[in-house]
Amino acid sequence: MLDSVLIANRGEIARRIIRTVRGMGLRAVAVHSEADTDLPFVREADDAVLLGPANPAQSYLDIDKVLQAARTTGARAVHPGYGFLAENAAFARAVIDAGLVWIGPDPEAVERMGDKINARNLMEAAGVPVAAGTREPVSDLAQAERAAKEIGYPVMVKASGGGGGIGMGVARDDDSLAKAFEQACRAAARFGGEPAILLERYVERARHVEVQILGLADGRVVALGERDCSVQRRHQKVVEESPSPGVTPELRERMLAAAVRAGEAVAYRGAGTVECLVDADAQDFVFLEMNTRLQVEHPVTELVTGLDLVEHQIRIAAGEVYSVEPRSSGHAIEFRVYAEDPRRFLPGPGKIGVWEEPEGEGVRVDSGYTAGNTVTPFYDPLMAKLCVTGATREEALERGREAVGAFRVEGPKHNLPFCAELLDHPEFVSGDYDTGLVSRMRKS
Amino acid sequence: MAEVHAEMVANVWKIVVSEGDVVDEGDTLVILESMKMEIPVLSEDPGTVTKIQVKEGDVVQEGDLIAVVE
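So the protein sequences, as listed, match chains A and B. When we follow the working numbering, the leftmost residue of the first sequence carries the number 1, and every step to the right adds one. When we follow the working numbering, the leftmost residue of the second sequence carries the number 1, and every step to the right adds one.
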């Protein structure tokens, strides 16, 4: 009987998962580092266990300590959130071997999709379109130069085991290739991975559009619509919306069908995301990667479908067999409120003096902090996600303007002024934008 | 003489140069890490590194001295 869930994460996502776990009448167990003792997610859980020091390697990434916390609290299931151990197949196996319920896909699916080269080859075999690129890991610069010539510049260089945009770079010639290659290798080494590098044709003026899928307990895979995540800085998302203003119904249908095939190819169970690059002019798409976990931006899908994705993750993990009828209405936009300066987007941790969240119809805030907390330099800069909905995109934009204006944060540097600027930017307002939008905004 | 200071709270991830090294404007002296981001600390002038005030693993506060280039 699944009566309790340990959340192996922190901040806003731990808090958001705790809300659903408790809402389902289950016991929520938090784990935390010394740096996070005062955060809301620790207080709002039924039970909380201190894992260790702030350094993630000694706390949130320490598999033994997390499993020990599950034992001492009698937790029966583990939800990994996103980041940290969420896409770590060894952790998923350790959870299962400890006799606990793993709230995520099969460890084998995590493994097969975690390696970007492998995932790309697998998708190609399943009939999902992929960009021209390397099918084998590239391990030295000479190899990379040969591959780049074959693919044709510009190319995107990335670490096969990397994620979250870290270590990714665009190369337009042999010189910039050397730099991007070195950066990707450094990132690969730093995350303890093999120096396996992947090169792919880089699509200029592309939109980043992803499809949310749900693998049901009986093996069926359903697609729950798309999210447009083209507002990015440093290849990391800042604002997401659904539906995508750059996808026609015909393209949407093809993308959703491909995402279902992608999920079926790895017998996917639970919530997952198939990320694609869309060439808006050609109305065509290619597979980018699959994330075998809950996404940061999942609320956008929840708001247009009315589904609680965390609840479905838990029910599917518990083996409950049922159907989901994908339905969607209205428009939703998420703004990531980062502790960073709004001009250069450099980290700006600090103690929070004032924290006042906007409220009202069509406004949802998933936050990890409140007044009096300190945003530390040890973890990623996401403080909160401000989500707005409307019957139309125009209404959602208007609510966004009001909500961004009403959100008061003092202490750490934050990007709410950037969000306000974006909401008045003609390109964003028109809906006809691509992943180059933020850098264009900062060039002028 | 130019003092190079930290722009934010961060961990010192990597020391790239040594005391006595000759650097150019824009050369990376030290790489900081804050909130999962690498932040290179650059020399603002050409010169010789006369002092490295931090070591790998240190936590620096906004405004802390990192290095001196003369």
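Check each hint, because a few of them may be wrong.
Said to hold, decoys possible - Take a look, some chain B residues computed to stay more than 10 angstroms from chain A by CB distance: (1) N11; (2) S34; (3) K36.
Stated by the list, open to error - Straight line, CA to CA, 20 angstroms or less: simulated EDC-like cross-link-like pairs of lysine to aspartate or glutamate: (4) K14/B to D58/B; (5) K179/A to E70/B; (6) K14/B to E182/A; (7) K36/B to E34/A; (8) K179/A to D58/B; (9) K36/B to E182/A.
These aren't lab readings, by the way, just hints derived from the structure by calculation. We put the CB at the ideal spot given by N, CA and C, even for glycine.
For each hint, the structure was consulted:
For N11/B, the shortest C-beta to C-beta distance to chain A comes to about 6 angstroms, within the 10 angstroms cut-off, and the non-interface label is violated. Here S34/B does not stay apart from chain A, with its beta-carbon only about 4 angstroms from theirs, under the 10 angstroms limit. Non-interface call for K36/B relative to chain A: violated, since the shortest CB-CB distance, roughly 5 angstroms, does not exceed 10 angstroms. In summary, the hint linking K14/B to D58/B is supported, as the alpha carbons are separated by about 10 angstroms, within the 20 angstroms threshold.
Restraint check for K179/A and E70/B: not satisfied, since their Cα atoms lie roughly 28 angstroms apart, outside the 20 angstroms limit. Pair hint K14/B plus E182/A holds up; C-alpha atoms about 16 angstroms apart against a cutoff of 20 angstroms. Restraint check for K36/B and E34/A: satisfied, since their Cα atoms lie roughly 18 angstroms apart, inside the 20 angstroms limit. For a cut-off of 20 angstroms, the pair hint linking K179/A to D58/B is broken: about 27 angstroms separates their Cα positions.
As the CA atoms of K36/B and E182/A are separated by approximately 18 angstroms, the hinted pair is consistent with the 20 angstroms bound.
Consistency note: the structure conflicts with the earlier hints numbered 1, 2, 3, 5, 8.
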